[in-house]
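All chains, full assembly: derive it from the sequences and hints.
If you're matching them up, the sequences are chains E and B in order.
So in this note's numbering, spot 304 of the first sequence is number 304, and the numbers just go up one at a time.
So in this note's numbering, spot 107 of the second sequence is number 107, and the numbers just go up one at a time.
In case anyone wonders, no lab produced these hints; they're calculated from the structure.
There may be inaccurate statements among the hints.
For identical chains, the list gives no copy identity; a pair is met inside one copy or between any two copies.
Mimicking DSSO-like on lysine-lysine, the simulated pairs with C-alpha atoms at most 30 Å apart in a straight line are [unchecked claim]:
no.	residue 1	residue 2
1	314	71
2	71	390
3	292	380
4	292	342
5	367	342
6	70	292
7	408	314
8	196	408
9	380	408
10	70	367
11	314	70
12	380	367
13	71	43
14	408	342
The structure presented is a predicted model; accordingly, all values stated were derived computationally and were not measured.
There are 2 protein chains.
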Amino acid sequence: MNIESLIARRNRLLGANTPLFYDSPLHLVRGEGVWVYDNDGEKYLDCYNNVPCVGHCHPQVVDALCMQAKKLNLHTRYLHENILDYVEQLLARFDNSLDRAMLVCTGSEANDQALRIARMHTGKQGIICTNATYHGNTTAVVALSSIFGPQASVPENVRMVPWPDSYRTPDNLRGDTLASHYAAYVNDAIRDLEDKGLGLAGMLVCPLFANEGLPDEPNPYLREAIGYVRDAGGLYLADEVQAGFGRAGRWWGHEGSGLVPDIITLGKPMGAGHPLAGLVARGELIDEFLEKEGYFNTFGGNPVSSAVGLAVLKVLEEERLIENAAAVGEFILQGFRELQQKYDSIGDVRGQGLFFGIDLVSDRDKKSPDAAEAKRIVNKMRDRGVLMSKIGEHGNILKLRPPLCFSKENAEQLLSVLDEVLEGSSV
Amino acid sequence: MNIESLIARRNRLLGANTPLFYDSPLHLVRGEGVWVYDNDGEKYLDCYNNVPCVGHCHPQVVDALCMQAKKLNLHTRYLHENILDYVEQLLARFDNSLDRAMLVCTGSEANDQALRIARMHTGKQGIICTNATYHGNTTAVVALSSIFGPQASVPENVRMVPWPDSYRTPDNLRGDTLASHYAAYVNDAIRDLEDKGLGLAGMLVCPLFANEGLPDEPNPYLREAIGYVRDAGGLYLADEVQAGFGRAGRWWGHEGSGLVPDIITLGKPMGAGHPLAGLVARGELIDEFLEKEGYFNTFGGNPVSSAVGLAVLKVLEEERLIENAAAVGEFILQGFRELQQKYDSIGDVRGQGLFFGIDLVSDRDKKSPDAAEAKRIVNKMRDRGVLMSKIGEHGNILKLRPPLCFSKENAEQLLSVLDEVLEGSSV
Numbered sequence: 001m002n003i004e005s006l007i008a009r010r011n012r013l014l015g016a017n018t019p020l021f022y023d024s025p026l027h028l029v030r031g032e033g034v035w036v037y038d039n040d041g042e043k044y045l046d047c048y049n050n051v052p053c054v055g056h057c058h059p060q061v062v063d064a065l066c067m068q069a070k071k072l073n074l075h076t077r078y079l080h081e082n083i084l085d086y087v088e089q090l091l092a093r094f095d096n097s098l099d100r101a102m103l104v105c106t107g108s109e110a111n112d113q114a115l116r117i118a119r120m121h122t123g124k125q126g127i128i129c130t131n132a133t134y135h136g137n138t139t140a141v142v143a144l145s146s147i148f149g150p151q152a153s154v155p156e157n158v159r160m161v162p163w164p165d166s167y168r169t170p171d172n173l174r175g176d177t178l179a180s181h182y183a184a185y186v187n188d189a190i191r192d193l194e195d196k197g198l199g200l201a202g203m204l205v206c207p208l209f210a211n212e213g214l215p216d217e218p219n220p221y222l223r224e225a226i227g228y229v230r231d232a233g234g235l236y237l238a239d240e241v242q243a244g245f246g247r248a249g250r251w252w253g254h255e256g257s258g259l260v261p262d263i264i265t266l267g268k269p270m271g272a273g274h275p276l277a278g279l280v281a282r283g284e285l286i287d288e289f290l291e292k293e294g295y296f297n298t299f300g301g302n303p304v305s306s307a308v309g310l311a312v313l314k315v316l317e318e319e320r321l322i323e324n325a326a327a328v329g330e331f332i333l334q335g336f337r338e339l340q341q342k343y344d345s346i347g348d349v350r351g352q353g354l355f356f357g358i359d360l361v362s363d364r365d366k367k368s369p370d371a372a373e374a375k376r377i378v379n380k381m382r383d384r385g386v387l388m389s390k391i392g393e394h395g396n397i398l399k400l401r402p403p404l405c406f407s408k409e410n411a412e413q414l415l416s417v418l419d420e421v422l423e424g425s426s427v
Numbered sequence: 001m002n003i004e005s006l007i008a009r010r011n012r013l014l015g016a017n018t019p020l021f022y023d024s025p026l027h028l029v030r031g032e033g034v035w036v037y038d039n040d041g042e043k044y045l046d047c048y049n050n051v052p053c054v055g056h057c058h059p060q061v062v063d064a065l066c067m068q069a070k071k072l073n074l075h076t077r078y079l080h081e082n083i084l085d086y087v088e089q090l091l092a093r094f095d096n097s098l099d100r101a102m103l104v105c106t107g108s109e110a111n112d113q114a115l116r117i118a119r120m121h122t123g124k125q126g127i128i129c130t131n132a133t134y135h136g137n138t139t140a141v142v143a144l145s146s147i148f149g150p151q152a153s154v155p156e157n158v159r160m161v162p163w164p165d166s167y168r169t170p171d172n173l174r175g176d177t178l179a180s181h182y183a184a185y186v187n188d189a190i191r192d193l194e195d196k197g198l199g200l201a202g203m204l205v206c207p208l209f210a211n212e213g214l215p216d217e218p219n220p221y222l223r224e225a226i227g228y229v230r231d232a233g234g235l236y237l238a239d240e241v242q243a244g245f246g247r248a249g250r251w252w253g254h255e256g257s258g259l260v261p262d263i264i265t266l267g268k269p270m271g272a273g274h275p276l277a278g279l280v281a282r283g284e285l286i287d288e289f290l291e292k293e294g295y296f297n298t299f300g301g302n303p304v305s306s307a308v309g310l311a312v313l314k315v316l317e318e319e320r321l322i323e324n325a326a327a328v329g330e331f332i333l334q335g336f337r338e339l340q341q342k343y344d345s346i347g348d349v350r351g352q353g354l355f356f357g358i359d360l361v362s363d364r365d366k367k368s369p370d371a372a373e374a375k376r377i378v379n380k381m382r383d384r385g386v387l388m389s390k391i392g393e394h395g396n397i398l399k400l401r402p403p404l405c406f407s408k409e410n411a412e413q414l415l416s417v418l419d420e421v422l423e424g425s426s427v
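Spelled out as structure tokens, the structure:
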């Protein structure tokens with residue numbers, strides 16, 4: 001079946017506004033490692049997909065899924081060792097104070113539960129988030145999301161504060177001054193929530209500010225902002241749905257700041273594509289929540305999902321993928337910086353581990369966001385067999401998050417194709 | 001590892017208040033057809049689990065899962081035929097007016113999106129639900145749920161109306177009089193929402209009133225209540241997370257009333273244990289929602305989930321499981337009615353297809369709910385190798401929902417063991 005008729009069927013069955021990548025959409029049918037293949041056998045280097053973190057269709061993950069699916073797949077109101085083995089191994093990778101977990105199916109569910117727990121625990125309603133992010137798609141978390149689809153209206157119990165932009169920042173602030181400039185908005189938001197009688201339940205934030213555009217120096221900001229949050233009795237809710245499981249070249253994004261969150265939400269790469277998500281938290285928060293409000297998730301933490309989660313942890317360690325993310329990530333970042341020297345359209349290059357943002361501008365001095373160029377490059381790269389996307393409040397930041405098994409050779413291909421495409425646009 | 005140490009690990013890792021079935025919890029390790037097996041090799045007849053609708057670990061479903069998981073598991077912003085084939089086959093089983101679908105991972109997500117769509121489309125906030133139900137666990141849908149865990153407080157945009165109880169009903173009302181009695185509460189709730197300036201977005205209801213206790217004659221009530229809802233410009237949101245996929249001996253629960261809902265939410269049995277859920281709706285509702293608010297779900301409708309969904313539909317038809325549910329269901333209902341003649345503790349027996357509620361009472365004339373007896377029977381049945389649970393606002397209704405491949409022989413075992421256990425309690 002050709003692309004046009006697939007699109008026609010899709011429009012009819014799912015709706016014409018269902019999101020689809022690229023001007024010329026891809027019909028992918030197979031994946032292996034860092035590669036995906038379309039229906040014509042064309043091969044693409046995947047520099048976008050963080051979900052298959054251990055590589056597409058990793059045999060150990062697939063085997064774990066199939067073996068358990070043949071035996072038993074049932075909810076967790078019966079005893080099963082898989083969920084216990086998985087949660088034990090998961091918690092061992094966090095600070096000791098985070099000693100309980102709750103397993104769900106999607107990052108949206110995890111963030112929604114984190115809000116419920118924070119509001120229950122504090123007895124307050126106010127949540128602070130940034131003004132250029134996404135935390136999921138349930139009613140409660142979509143209210144904290146402004147970059148995909150227009151925001152109808154911000155509910156009265158939500159405050160969106162400017163994200164700590166290290167590039168388009170007033171007076172070229174850096175370091176502690178930058179941090180204080182942005183953290184002041186958090187302090188103001190807390191005062192406002194208190195003045196309105198709502199009070200502060202917590203601040204939900206990705207510790208890398210991934211959707212915002214991966215700013216440099218997020219950590220001094222986080223320390224100051226979360227300081228205000230905690231002084232006001234609020235919780236630090238770290239959304240590690242993108243930042244977690246080695247993406248930043250370390251196990252968790254929040255480790256960069258030295259702060260230990262009260263609740264950490266997990267998702268996307270957790271099951272390498274299988275719908276597995278969850279949260280870890282200080283035990284008393286989960287205990288109090290289960291006692292006061294009760295919680296059960298039919299599919300969350302079932303024996304199959306837990307087997308998959310265990311396999312993902314095992315592969316991440318056995319194949320030393322987090323070390324790989326740090327090393328190859330550094331190599332790529334260096335390469336991007338060299339391209340920045342060569343092309344004026346690259347205003348800024350930012351990244352941690354195997355997560356990158358390339359901020360494209362039409363004028364370097366004015367730092368004018370160039371969304372059209374970002375769109376052009378994403379499509380040209382696709383035509384040359386390299387998959388990436390774009391992000392940020394202006395849609396002008398190239399977003400790259402390859403599987404963590406991305407090699408130096410893969411990196412060289414990415415850099416060389418990007419060089420050609422940028423070259424093409426500068427002539 | 002013994003039961004006690006599993007429980008201790010579970011309390012430590014997940015929290016002591018995590019729900020667990022039975023006074024003597026089960027450590028299940030294997031499932032096949034209508035049977036599950038514990039770690040000691042003991043065999044249990046599963047009369048509770050609706051999720052493995054085609055039977056535990058059905059080979060065709062497991063094969064579909066494994067074959068696709070080996071090939072590709074990726075989000076739906078690339079083209080893939082599985083989601084199109086699945087949605088096409090799914091929609092073919094609904095009224096023609098329901099011509100688009102949205103795939104998500106859990107029933108909670110499906111119901112949450114249904115609320116978002118209804119509120120977006122009507123521009124109103126009010127949602128009506130019953131006062132003894134459960135629609136999921138996100139912030140927005142837990143506000144409509146009152147039977148699992150205490151309800152902190154009902155938000156101002158929610159109205160809970162008395163469910164159409166056909167057993168403990170004032171003046172032993174029946175038929176249209178019963179319907180009008182309960183539907184009047186819906187009309188009142190609409191007036192109140194309008195008076196408060198919130199208006200009506202819709203009514204979310206399980207067409208079988210499954211959590212409420214499966215009342216007789218839900219359909220005259222639904223016709224009258226939904227008539228009020230539609231007159232006020234609200235949408236009929238049918239929660240088929242439990243009622244759908246043949247449970248009631250027909251494809252969908254809502255077909256009983258002859259009303260076509262505006263949105264139907266699906267979940268639990270949809271993927272036979274794999275986290276697959278979704279909603280079907282009139283196309284213009286989904287189109288408008290995607291255009292105005294945007295929606296994307298990372299795991300929803302991925303090639304693996306869609307392959308599983310396709311396999312479930314295929315098995316349901318090839319093995320004629322819905323016809324089986326109707327026939328075996330009728331046989332069981334008859335058997336329960338005979339037990340009712342024999343035991344005074346059975347106040348009422350209700351059911352549709354392979355979904356049953358046995359309402360236990362300590363006094364037949366007063367219809368006094370007997371939650372203690374329900375608990376005792378559920379535990380005794382487990383000890384004799386038959387799994388069931390209890391439900392309803394008083395916790396006194398035995399709840400049975402076996403896999404749809406439940407045979408007449410299985411039914412005879414269920415009836416005979418239940419007879420023994422009831423006999424034991426009457427001496």
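We went through each hint and held it up to the structure:
For a Cα distance limit of 30 Å, the shortest separation of residue 314 from residue 71 qualifies both inside one copy, at 21 Å, and across copies, at 21 Å. Taking the closest pair of Cα atoms, residue 71 and residue 390 come within 30 Å of each other only across two copies (27 Å); inside a single copy the shortest separation is 41 Å, beyond that limit. In this assembly of identical chains, the alpha carbons of residue 292 and residue 380 lie at most 30 Å apart only when taken from different copies (29 Å versus 54 Å within one copy). In this assembly of identical chains, the alpha carbons of residue 292 and residue 342 never lie at most 30 Å apart, being 59 Å within a copy and 41 Å across copies at closest.
For a Cα distance limit of 30 Å, the shortest separation of residue 367 from residue 342 inside one copy, 17 Å, qualifies, whereas the shortest one across copies, 83 Å, does not. Taking the shortest alpha-carbon separations for residue 70 and residue 292, neither the intra-copy value of 37 Å nor the inter-copy value of 42 Å comes in at or below 30 Å. For a Cα distance limit of 30 Å, the shortest separation of residue 408 from residue 314 inside one copy, 22 Å, qualifies, whereas the shortest one across copies, 45 Å, does not. Neither within a single protomer nor between protomers do residue 196 and residue 408 lie at most 30 Å apart by alpha-carbon distance, with minima of 53 Å and 63 Å respectively.
Taking the shortest Cα distances, residue 380 and residue 408 sit within 30 Å of each other inside one copy (22 Å), while across copies they are farther apart (62 Å). For a Cα distance limit of 30 Å, the shortest separation of residue 70 from residue 367 qualifies neither inside one copy, at 56 Å, nor across copies, at 45 Å. Taking the shortest alpha-carbon separations for residue 314 and residue 70, both the intra-copy value of 21 Å and the inter-copy value of 18 Å come in at or below 30 Å. Proximity of residue 380 to residue 367 under the C-alpha cut-off of 30 Å is restricted to the intra-copy arrangement: shortest distance 23 Å within a copy versus 72 Å between copies.
With identical chains, the CA atoms of residue 71 and residue 43 are at most 30 Å apart between copies only, with a shortest distance of 14 Å across copies and 35 Å within one. In this assembly of identical chains, residue 408 and residue 342 lie within 30 Å of each other by CA distance solely inside one copy; the values are 21 Å within and 76 Å between copies.
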